[in-house]
Amino acid sequence: MQKVYTKIESIVGNVVTVRAEGVRSGDLALVGESYASVIKLSGDLVSLQVFAGTQGVSTTDAVRFLGRPMMVSFTDDLLGRVFDGAGVPRDNGPALTENMIPIGGPSVNPAKRIVPKRMIRTGIPMIDVFNTLVESQKLPIFSVSGEPYNQLLARIAMQAEVDIIVLGGMGLKYDDYLFFRDTLEKSGAMGHTVMFIHTASDPTVECTLVPDLSLAVAEQFALAGKRVLVLLTDMTNFADAQKEMAITMEQVPSNRGYPGDLYSCLASRYEKAVDFEGAGSITILGVTTMPGDDVTHPVPDNTGYITEGQYYLKNGHIEPFGSLSRLKQNVNGKTRSDHRALMDGMIRLYSAYKESLEKKSMGFLMSEWDEKLLKYGHLFETKLMELSVNIPMEEALDLGWEILAECFEPNETGLKTSLLQERWPKKDAVN
Amino acid sequence: MEKVTGYVTGVNGNLVSAKFDGSVRKNEVGFVKVGGDRLKGEVIRINGGAASMQIYEMTNGIKVGDEVELTGELLSVELGPGLLTQVYDGLQNPLPELAEKCGFFLERGEYLDPIPSRDWEFTPCVKPGDAVLAGDAVGSVPEGQFEHLIMVPFDLKDEGWRVKSVKEKGVYPVRDTVAVLENGSGEEKKLSMVLSWPVKRPIRCYEERLRPDETLVTKIRCIDTFLPVAKGGTFCVPGPFGAGKTVLQHMEAKNADVDIVIVAACGERAGEVVEVLKEFPELTDPRTGRSLMERTIIICNTSSMPVAAREASVYTAVTMAEYYRQMGLNVLLLADSTSRWAQAMREMSGRLEEIPGEEAFPAYLESVIASFYERAGKVRLRNGKIASVTIGGTVSPAGGNFEEPVTQATLKVVGAFHGLSRERSDARKYPSIHPIDSWSKYQGVVDMDRVEAARSYLKRSNEINQMMKVIGEEGTSAEDYIIYQKGELLDAVYLQQNSFDPIDAACEPERQAHEFNVLYDVLTSEYALGDKKEIRAFFNQVRQEFLDWHGTVYATPEFEAQEKKLTDLYRSRVKG
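If you're matching them up, the sequences are chains F and P in order.
Numbering-wise, the first sequence is residues 1 to 431 according to the working numbering.
Numbering-wise, the second sequence is residues 1001 to 1576 according to the working numbering.
Bound-form chain F, shown alone (with noise of 0.2 Å):
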């Protein structure tokens, strides 16, 4: 049944309305040559939201529904592919037409779901050491632009211990996706990857689908038992994306302009986080730029109520501080005996380097005690808090401890006696 309508009624913003029968809520159609799905029905008008944008479209252009919602192929073939925001390959293969699967499912039972409880190793020891990434969580990276997030999400697909990766890109310069295109490429991790790409210039409506297609995709590995990472940038560009389709279709505002279904479009794309009993599992990481650093911009603000914690970028560093991961208590009591009494020892000087460091500033005279810290607060930054830093979690622990035997006496770190007789390094052995 491909009835076409030839008669255009209104176009305002990237919505038309046409005049047909029989259509049901949420079906895609052809617009001329864009797709275009149905976003409202009221008696015999239908309003469609076309992807590819408005412009250039007559009021005697074809318009034919397909009679099937937006869907998005599965298969094995979608490793090392990229598409863009409407599922169209962006690199040179063909289109995929096998096994296709509907976007934007229902949500998982509650009751199904299943405590975490496994960590995912990345090799940076602000995540591994300090914030443990867990299998199924939905972090953020906050981040003020200009930082190098997109830097930091490539060295996490590369370097993370997951099955198939699934990079949703939102409003990506162009040479951001040239750079992920590459760096995964050199890196060998792009065989486990699939790409759904819209870039700065694409059209609008690409933007918001970028993250079900994605995570549509995501569902059907981790149901057939693969251990998902789906990396999502940027979702401030998915945000202002929504605003802009919302207030051409004149929803009244709420905060800054946003709609007011913000905080239930995240939730139910980052809710897709899961861990299924008996199969595989989804991780969430994705960037949100915080316009002017501001936590409280309605986007952070909606995001750090839905997510598992944030990473916070700041001054090309994982901030100690205003990051957090909520699930690292699940994991690193398990992963080796010194992880938790390390963490937030080392946390605790660091946060009174960060108090001598203001003393200084301000002028006031530098105890003998200070000094160790600001030593040891150098010594913290480079060595373990610099983005470039790859090593193994064991590895980062033990640098944690030479840190601290290079700065401190032992009884001055506030650990533990049984743990420093245990651990603490033997000063011979370092000079």
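A hint or two may mislead.
Label pairs and their calculated CB-CB ranges [unchecked claim]:
1) F/ARG118 - P/CYS1125: 48 to 56 Å
2) F/VAL144 - P/ASN1401: 20 to 28 Å
3) P/ARG1045 - F/ILE101: 32 to 40 Å
4) F/LEU374 - P/GLU1474: 21 to 29 Å
5) P/ALA1363 - F/TRP369: 57 to 65 Å
In the DSS-like style, the derived pairs of lysine-lysine whose C-alpha atoms are separated by at most 25 Å in a straight line are [as the list claims (entries may be wrong)]:
6) P/LYS1019 - F/LYS40
7) P/LYS1063 - F/LYS359
8) P/LYS1278 - F/LYS117
9) P/LYS1033 - F/LYS40
10) P/LYS1429 - P/LYS1469
11) P/LYS1532 - F/LYS360
12) P/LYS1532 - F/LYS7
13) P/LYS1063 - F/LYS40
14) P/LYS1026 - F/LYS40
15) F/LYS334 - P/LYS1278
16) F/LYS359 - P/LYS1533
17) P/LYS1532 - F/LYS359
18) F/LYS354 - P/LYS1532
Selected chain F positions facing chain P (in silico; Cβ < 8 Å) [unchecked claim]:
19) GLY22
20) ARG24
21) LEU28
22) LEU30
23) VAL108
24) PRO110
25) ALA111
26) GLY257
27) GLY260
Think of the hints as simulated: they come from the structure by calculation, not from any bench.
This one's a predicted model, so the numbers in the text were calculated from it and none came from an experiment.
By construction, the Cβ of each residue, glycine as well, lies at the ideal position given by its N, Cα and C atoms.
Once you've looked at the hints, dock chain P against the given chain F.
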């Protein structure tokens, strides 16, 4: 009532408009038939002959002309034995059973019986000929540790109803008739153990509402002493993300001195519900020694589940709370978070194209929030029993700013305000309730005048601390410095509580009163101390002894020994 059918005329998000031939009631429940699915919805507006229905499921695939069937009934929940220990979604679908049937995902259009079909041992408490009124018990069944009363429907009119027949003591299926009522005009009414009640209508079968004057003990010092909650009262917990709202609510759910706890997870993370689901069955209720789950009902509509059902979930929860109150029990309802519920209203209001109020919330936001919290209360039932529903709601204000509409509307109607502060949670001070900004209108476990006096130290200490940041420690006088240290001591040893320590995590009211009196003495004493270094050392010592005291079991020799050590220490330095 005859079923009215109609057809869909429009779809906009989860709002479906439909036309009907027969009569349509506002707020009645209807089903849209899509393919093989029946999607539940509620009529929320009738305008120009068309009814607008909010659909509790995803609306993909609905087309104009699809059949709609109205039930003639308002959105209701089933009430009866077997509610406890259950995990429901916002529409009272039992989630574990749904998982068994549908697997990993919440398939739409699946509605299961909320009350499990099983047999209960029924004991009648009336005999044929007895006159009954709405809410009177005809018998009871044992549900876990409770006598679950089987009651006459709460909307039964006072028309001289009498018991015609009642089953003898014995085991019957939950949906079987256990009693028959008749009135003078020959009408009959069959009662089973299950009854149904519309969620948005409060149950009012009680003699009178009383003032909430009894403290609801949570075993959290900061709350019970400084910011108490009362049985039948209301309180709200606003706080920015990461300040520990949910953790605090879980602690309250574990320790609260009530019979039944209902947790309504409304639009929050699924992971947190999972924690409760896995943790509560393992924990024992300190009052009864049985599993904590036996006194708990969980209503869970997490953030990714359909938005419209989120609105229903808080009403579902409060209706169950009122039901158990009718049995003479004290119920605590914890709603996390009411902001998500308000946002669901906002979404719907936007779709209805209503004129928006502040931050696009509907103009009726305040009255809806007020009428929800007003369903809390302490009552005297007709049989003389005192029972209560206490409501505690978290609020998630945008940007952690309490000046937003939901927080403000909530503050107007609650009796206690436990504001969480980002600063305190960043400093790992648990619970992160701000002791100065928060307030309570209820009576706590300690004499209120003394609490006020202690709080004044906290305020002064805070002011001195602000001043010290500018002029430095050197410029502060020794008297001021002592007050500052006293405030810090109060914060460290009383307001903060170590939730990981098995003893300190739950502090009984007797112990609170006892410790508070010692602390009060420490605060109000004058000390003979020299320079600031000595002052600091002294208060550090007192703090250490106090913290060690928290680690001892109440009213044991160790407890008394540590108390003596502490009192000897500070008294040795008291002036004169």
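Cross-check of the supplied hints:
1. F/ARG118 - P/CYS1125: 48 to 56 Å: With a Cβ separation near 54 Å, F/ARG118 and P/CYS1125 satisfy 48 to 56 Å, so the hint holds.
2. F/VAL144 - P/ASN1401: 20 to 28 Å: holds, 21 Å
3. P/ARG1045 - F/ILE101: 32 to 40 Å: Between P/ARG1045 and F/ILE101, where Cβ atoms are some 36 Å apart, the hint holds.
4. F/LEU374 - P/GLU1474: 21 to 29 Å: Taking Cβ atoms as reference, F/LEU374 and P/GLU1474 lie about 23 Å apart, which means the hint holds.
5. P/ALA1363 - F/TRP369: 57 to 65 Å: holds, 59 Å
6. P/LYS1019 - F/LYS40: holds, 17 Å
7. P/LYS1063 - F/LYS359: Answer violated: P/LYS1063 to F/LYS359 is near 68 Å, above 25 Å.
8. P/LYS1278 - F/LYS117: holds, 13 Å
9. P/LYS1033 - F/LYS40: Status holds; Cα separation ~18 Å.
10. P/LYS1429 - P/LYS1469: The hint holds at about 20 Å.
11. P/LYS1532 - F/LYS360: holds, 22 Å
12. P/LYS1532 - F/LYS7: violated, 85 Å
13. P/LYS1063 - F/LYS40: Between P/LYS1063 and F/LYS40 the Cα gap is close to 10 Å, so the pair holds against 25 Å.
14. P/LYS1026 - F/LYS40: Measuring from Cα to Cα gives roughly 24 Å; hence the hint holds.
15. F/LYS334 - P/LYS1278: holds, 19 Å
16. F/LYS359 - P/LYS1533: holds, 19 Å
17. P/LYS1532 - F/LYS359: holds, 20 Å
18. F/LYS354 - P/LYS1532: Holds, because 24 Å separates the two Cα atoms, which is no more than 25 Å.
19. GLY22: holds, 6 Å
20. ARG24: Cβ of F/ARG24 sits 4 Å from chain P, so the hint holds.
21. LEU28: violated, 11 Å
22. LEU30: Interface hint status for F/LEU30: violated (18 Å vs cutoff 8 Å).
23. VAL108: holds, 6 Å
24. PRO110: It holds, given that the least Cβ distance between F/PRO110 and chain P is near 5 Å, below 8 Å.
25. ALA111: holds, 4 Å
26. GLY257: Result: violated, 11 Å to nearest chain P Cβ.
27. GLY260: Holds, because the Cβ-Cβ distance from F/GLY260 to chain P comes to roughly 4 Å (cut-off 8 Å).
Going through the hint list in order, the structure does not satisfy hints 7, 12, 21, 22, 26.
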